[in-house]
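Add chains R and L to chain P, keeping to what the hints say.
These protein sequences, in sequence, are chains P, R and L.
Whatever position you read off the first sequence (first residue = 1), add 43 for the working numbering.
Whatever position you read off the second sequence (first residue = 1), add 15 for the working numbering.
Whatever position you read off the third sequence (first residue = 1), add 761 for the working numbering.
It is worth saying that the hints were derived from the structure and are not from the lab.
Errors might be hidden in some of the hints.
[To be verified] Going by beta-carbon spacing under 10 Å, a handful of chain L positions derived as facing chain P:
(1) Ser861
(2) Val865
(3) Ala895
(4) Val1034
(5) Tyr1037
[Claimed, not checked] The calculated BS3-like cross-link candidates involving lysine-lysine, where the alpha carbons are at most 30 Å apart (straight line), are:
(6) R:Lys418 with R:Lys108
(7) L:Lys929 with P:Lys221
(8) L:Lys933 with L:Lys789
(9) L:Lys864 with P:Lys221
(10) L:Lys933 with L:Lys984
(11) L:Lys864 with L:Lys984
(12) L:Lys789 with L:Lys929
(13) R:Lys63 with R:Lys108
(14) P:Lys221 with L:Lys776
(15) L:Lys933 with R:Lys244
(16) R:Lys91 with R:Lys63
(17) L:Lys958 with L:Lys864
(18) L:Lys958 with L:Lys776
(19) L:Lys984 with P:Lys221
[Claimed, not checked] Partial list, derived from the structure: chain P residues whose beta carbon lies under 8 Å from chain R:
(20) Thr130
(21) Ile140
(22) Ile148
(23) Asp166
(24) Ser174
(25) Asp177
(26) Ile340
(27) Leu349
(28) Phe361
Glycine included, C-beta positions come from ideal geometry on N, C-alpha and C.
Take a look at the letters that make up each chain.
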Amino acid sequence: MDWTLIISRAVEAGIGSEAIIYALAAIGLNVQFGYTGLLNFGQAGFLAIGAYSIAVTVATFGLPFFLGVGIGLLLAAVLALLLGIPTLRLRADYLAIVTIAAAEIVRLVVRSVALSDTFGGTDGLQAFSGSFYDMNPYPPGEYGIPPIIGFDNRSMWVLTVGWVLVAIASFILFMAMKSPWGRVLKAIREDEDAVRSLGKNVFSYKMQALVIGGVIGSMAGFIFALSRSAVQPDLYSTDLTFYAYTVLILGGAARILGPIVGSMLFWLLLILIGTGLENAVNTGTITFITVNQVGAIRLMLVGLGLILLLIYRPQGIFGDKREISLDAR
Amino acid sequence: MRRAVIAFTAFMGGLILVFLAGASTAWAEGEEVRGTLRLQGQPVQGVKITVTSDADAPVGDATTGADGTWSVPIEKAGSYKVTLDQATLPAGKALRDPNRGTLTVQVFEGNARNVLFGLVDANAPPKGQDGGGGGSSYWDRVAQLVFEGLNLGLIIALGAVGLSLIFGTTGLTNFAHGELLTIGAFLAFFFNTVLGLHLLVAAPIALVIAAAFGWGQDRFFWGQLRRRKTGLISMMIISIGLALFLRALLLFLFGGGGESYDQYVAQAGIQIGPISATPKSLIAMGIEIAVLIAVGLALTYTRLGKATRAVADNPALASSSGINVDRVIRIVWAAGTCIAALAGILLGTTQNLNFQMGQQILLLMFAGVTLGGLGTAYGALVGSLVVGMFVQVSTLWIPPEMKTIGALVVLIIVLMVRPQGILGRRERIG
Amino acid sequence: MHAESLPAGKTAALKAFEGMAAEPGVAKPDPILVVDNVVRRFGGLTAVNVNHVEIQRGSITALIGPNGAGKTTFFNQLTGFDTADEGQWTFNGRNMNGVSAYKVARQGMVRTFQLTKALSKLTVIENMRLGAQAQRGENFFRGLFPALWRGQEDEITLQAEELLERFKLDAKRDDFAGSLSGGQRKLLEMARALMGKPELVMLDEPMAGVNPALTQSLLGHVKNLRELGMTVLFVEHDMDMVRDISDWVIVMAQGQVIAEGPPDSVMSDHRVVDAYLGAHHDAPLSAEEEERQLHEAEAELEKEVKE
Chain P
44 MDWTLIISRA VEAGIGSEAI IYALAAIGLN VQFGYTGLLN FGQAGFLAIG
94 AYSIAVTVAT FGLPFFLGVG IGLLLAAVLA LLLGIPTLRL RADYLAIVTI
144 AAAEIVRLVV RSVALSDTFG GTDGLQAFSG SFYDMNPYPP GEYGIPPIIG
194 FDNRSMWVLT VGWVLVAIAS FILFMAMKSP WGRVLKAIRE DEDAVRSLGK
244 NVFSYKMQAL VIGGVIGSMA GFIFALSRSA VQPDLYSTDL TFYAYTVLIL
294 GGAARILGPI VGSMLFWLLL ILIGTGLENA VNTGTITFIT VNQVGAIRLM
344 LVGLGLILLL IYRPQGIFGD KREISLDAR
Chain R
16 MRRAVIAFTA FMGGLILVFL AGASTAWAEG EEVRGTLRLQ GQPVQGVKIT
66 VTSDADAPVG DATTGADGTW SVPIEKAGSY KVTLDQATLP AGKALRDPNR
116 GTLTVQVFEG NARNVLFGLV DANAPPKGQD GGGGGSSYWD RVAQLVFEGL
166 NLGLIIALGA VGLSLIFGTT GLTNFAHGEL LTIGAFLAFF FNTVLGLHLL
216 VAAPIALVIA AAFGWGQDRF FWGQLRRRKT GLISMMIISI GLALFLRALL
266 LFLFGGGGES YDQYVAQAGI QIGPISATPK SLIAMGIEIA VLIAVGLALT
316 YTRLGKATRA VADNPALASS SGINVDRVIR IVWAAGTCIA ALAGILLGTT
366 QNLNFQMGQQ ILLLMFAGVT LGGLGTAYGA LVGSLVVGMF VQVSTLWIPP
416 EMKTIGALVV LIIVLMVRPQ GILGRRERIG
Chain L
762 MHAESLPAGK TAALKAFEGM AAEPGVAKPD PILVVDNVVR RFGGLTAVNV
812 NHVEIQRGSI TALIGPNGAG KTTFFNQLTG FDTADEGQWT FNGRNMNGVS
862 AYKVARQGMV RTFQLTKALS KLTVIENMRL GAQAQRGENF FRGLFPALWR
912 GQEDEITLQA EELLERFKLD AKRDDFAGSL SGGQRKLLEM ARALMGKPEL
962 VMLDEPMAGV NPALTQSLLG HVKNLRELGM TVLFVEHDMD MVRDISDWVI
1012 VMAQGQVIAE GPPDSVMSDH RVVDAYLGAH HDAPLSAEEE ERQLHEAEAE
1062 LEKEVKE
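Bound-form chain P, shown alone (with noise of 0.2 Å):
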């Protein structure tokens, strides 16, 4: 067993490209569903909206990198008000259903033959981030702590926006939750009858929950996209929606810290697990599963956390017990 290698992949997870996306992806969901109680099942529309605004305007189009940005931002925004006119009137399930089918919708769009020209079919799209990378500070070379952690100058250009993105998207929302702003949307979360008798434009505010928890959702699409240089249809499926729930729940709902610290934990453990398995069944530790079997296992214990998390400590690791909206209805 290289347990160098296991946990400096493990570490390596738990503050790379993966932490910053889930963490903004489960800071947008705080928003929503950790503050205000909306249960949004299409994060993985709105990351995939951010992506593919950076890829298109600039790989397909030609265009300049920050206008995609801005894009991608007003997209999000759209999108989320597409979304909640429709649904936020009604029953918390149905607006699952609607984002979660918008999610697909998405996807299901960007993956067709029919529009690869501009999306690039199942193969995505390429040749995007040069603008990006070329504003890189760091000069070429490995950085951090040997022999634990090592990442070339790209990827410290990628961790450090992100980590900035993560920083400024959570203090921002500590303002607005300690605000009267986010007094309201607490308020919404446990009883939406009572805030409308005291005057409140309930569908106003949960609208603006909506829409700020994609703009971030669309962040996280954006690192999504830089890290890897690349988008393709079939990383925003449902199961980012889901895992990006597993992170919040983890690290606690309707806390600041709850969605990083999730996301941090969330990929430590499941590069942890992950390698060590592979490496056990590599080095003949482990004799009766397949090195492809490994992957199957990371999921099942995500799937098993989730539960058991919601069982046993559904206010995750941060969380108040007396605070979370889970049993509302």
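Below, chains R and L without anything else, positioned relative to chain P:
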């Protein structure tokens, strides 16, 4: 916390047992490009496929086997060119787009990348591709699509009835319902292919086990959660966790490739008027219709069916009028799972079995249930048929790959215009 | 309060009602709320069918009636929580039908609920602050800059603390509302409604589930609202309470207003007695009971629809 640890340990113990049981299933290892060459569901054998690196350095080649599969192992992630040698295609078969004989694909780390080559029957005239060049052929196509839509709609309906009844009686929006179809299909596969029983024997055994699984699921899992007063949203997310778990378990046990039953794989089509169909699909539809009618009759006329509707209407009232609500719910779970498993098996006779097959039609089931009005079994039935029909018939106007999009868009529009569904009552949405 | 001399608000209200005909739909000298032909049907069942009713400004008006009379449904229509099938009503002369619930509240027509909606996962003081109107910090962007709303928040907090003191909840200021007793929650809900400085306070069964020890204090608060110039319309089952605090009583049965009048005379009205005796003239029913009956009616309806 201690209980959580104990439960987790127990579950892990169970997992290890499962691992041992599943250890025999072999998997391809490492990065590779692979695929299965098929035409109209039939494998195409003996076709040579070459893989080169981006810089045209040869990497390897393969020839499709009797089951149409091929794979070329590669050393590292990267961009590769995959070329199908069109000269080796059997007579009468051709690439759908002769210009796409070479495809460039990205292979990611640890990823087995599937590459698809679309084939057509070179002898058959392209069907309806000329945009309805004659009135009769257009209507033939409509008839064929309506038939296929009915076929799909019936499968969706089988799944949706259970989904809707479970929602009605427990309030749970079960995101793991798609996996119940998959489990049914793979149970039958296990008895059929692994143990060698004829599918007609394997399927009933699978259905019994599925019913027991459904019963047990409520007895030992959902029922316990209800007793703990777990919230509905909580349960919904738990069902997502369960779906992820079950799907991964099937992936673990049966691998990620497509499988098929030993019987009823290839059947010659027969022509009935304008419709061409395989006998197996006609029989499958017959079974589906019979089951759905039986469910409908049972709900309307039997004591249990009436009790089920009473519970769906108002559990507290049903309970106070002497109905054993828990028992009804358990039977609903058993029956719902059994019917879903049947849908999975029947789906498995017409397409490949894979661990995602149920998940792939889950959204269509939701569409059917929502369209018909959440929680009403009859509504789910009608809604599903409409969805199935719509998905297939819409391919008259939109590319087939986009047909699901159409159904999902309609789902969203229906929620906008008539959130109570086609048959639901307005008061229900409260 | 002195027992013999009536408070000013009571005197004024009684004067307004003096010599008024005790007929359903009678005109009031200064109505704050005027309702015309409001109809609400559930399937084939007409839950509310009110021809004409007026609520006198500055009075305490009780809305009574046997279970299933449509009182709460009527409340829901008026406050925008449910849409009426027909009819219109005006509040302070402004047309209110089709106006959404939050706008109704902003106009100064605030309600409470039969099943108390204290936000139990917020603290008592946060509950109170939420009730204040036109808060600058309730805008997302302004909310990000505490300097923009801190001053107003302090004013709101002061106002809230005064109210809490008046309602004897000041000791619970920083507790979660969920930890309060049923009666305290009712008090909190009422106090929170007052944060919005309403003109018309609509209380849906303010006494349901309240510990008898708290009843007197709650009654005092309701009476006090009138002295502060507010109008109170409340649904209640407890006849003693109705007799004690209301200036005027409106009786509903089967969705219609069947009688109106001063509390003492209306209870001996034969239509009222019939309505009650025909249904449940003894104990008031609980909320669950009412819910159950509603569902029974629904189930019957469904049967009819299916047949």
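We went through each hint and held it up to the structure:
Interface hint status for L:Ser861: upheld, as the beta-carbon distance to the closest one in chain P is roughly 8 Å, under 10 Å. Contact between L:Val865 and chain P, as hinted, is supported at the beta carbon level, the nearest pair being about 8 Å apart and thus within 10 Å. Using the Cβ-Cβ criterion of 10 Å, the hint placing L:Ala895 at the interface with chain P is satisfied: the shortest such distance is roughly 9 Å. For L:Val1034, the shortest C-beta to C-beta distance to chain P is roughly 34 Å, which exceeds 10 Å, and the interface hint is violated.
Interface hint at L:Tyr1037: violated, since its Cβ lies 30 Å from the closest Cβ of chain P, which is beyond the 10 Å cut-off. Restraint check for R:Lys418 and R:Lys108: satisfied, since their Cα atoms lie roughly 26 Å apart, inside the 30 Å limit. Our distance criterion of 30 Å between C-alpha atoms is met by L:Lys929 and P:Lys221, whose separation comes to about 27 Å. For the hint linking L:Lys933 to L:Lys789, the alpha-carbon distance of about 41 Å lies beyond 30 Å, and the restraint is violated.
Only pairs whose Cα atoms come within 30 Å are accepted, and L:Lys864 paired with P:Lys221 is accepted, the gap being roughly 25 Å. Simply put, L:Lys933 and L:Lys984 have alpha-carbon atoms about 23 Å apart, close enough for the 30 Å limit, and the pair holds. Taken as a hint, the L:Lys864 and L:Lys984 pair is honoured in the structure, with Cα atoms around 26 Å apart against an allowance of 30 Å. With a C-alpha separation of about 35 Å, the suggested pair L:Lys789 and L:Lys929 falls outside the 30 Å cut-off, and the hint is violated.
Using a Cα cut-off of 30 Å, the hinted pair R:Lys63 and R:Lys108 holds, with the two alpha carbons roughly 14 Å apart. Only pairs whose Cα atoms come within 30 Å are accepted, and P:Lys221 paired with L:Lys776 is rejected, the gap being roughly 49 Å. Annotation: proposed proximity of L:Lys933 to R:Lys244 holds, straight-line Cα distance about 29 Å (limit 30 Å). Proximity of R:Lys91 to R:Lys63 is assessed by CA-CA distance (about 22 Å); at most 30 Å being required, the pair is judged to hold.
Between the alpha carbons of L:Lys958 and L:Lys864 the distance comes to roughly 14 Å, so the proposed pair stays at or under 30 Å and holds. Of the pairs offered as hints, the one joining L:Lys958 and L:Lys776 holds, with about 25 Å between alpha carbons and a cut-off of 30 Å not exceeded. Taking the CA atoms of L:Lys984 and P:Lys221, the gap is near 36 Å; set against the 30 Å cutoff, the hint is violated. Restraint check, P:Thr130 versus chain R: the minimum CB separation of about 6 Å is within 8 Å; hint holds.
Interface hint at P:Ile140: satisfied, since its Cβ lies 5 Å from the closest Cβ of chain R, which is below the 8 Å cut-off. Proximity of P:Ile148 to chain R holds as hinted, the smallest CB-CB distance being about 5 Å (cut-off 8 Å). With 8 Å as the threshold, the beta carbon of P:Asp166 comes within range of chain R, its nearest partner Cβ sitting at about 6 Å, so the hint holds. Checking P:Ser174 against chain R: minimum C-beta separation of about 21 Å lies over 8 Å; hint violated.
Because the beta carbon of P:Asp177 sits about 22 Å from the nearest beta carbon in chain R, more than 8 Å, this interface hint is broken. Satisfaction of the interface hint for P:Ile340 is found here, the shortest Cβ-Cβ separation to chain R being roughly 6 Å, below the 8 Å cut-off. Hint status for P:Leu349 relative to chain R: holds, with the closest Cβ pair at about 3 Å, below 8 Å. The restraint placing P:Phe361 at the interface with chain R is violated, with a minimum CB-CB distance near 16 Å, outside the 8 Å limit.
The structure is inconsistent with the numbered hints 4, 5, 8, 12, 14, 19, 24, 25 and 28, although it conforms to all the rest.
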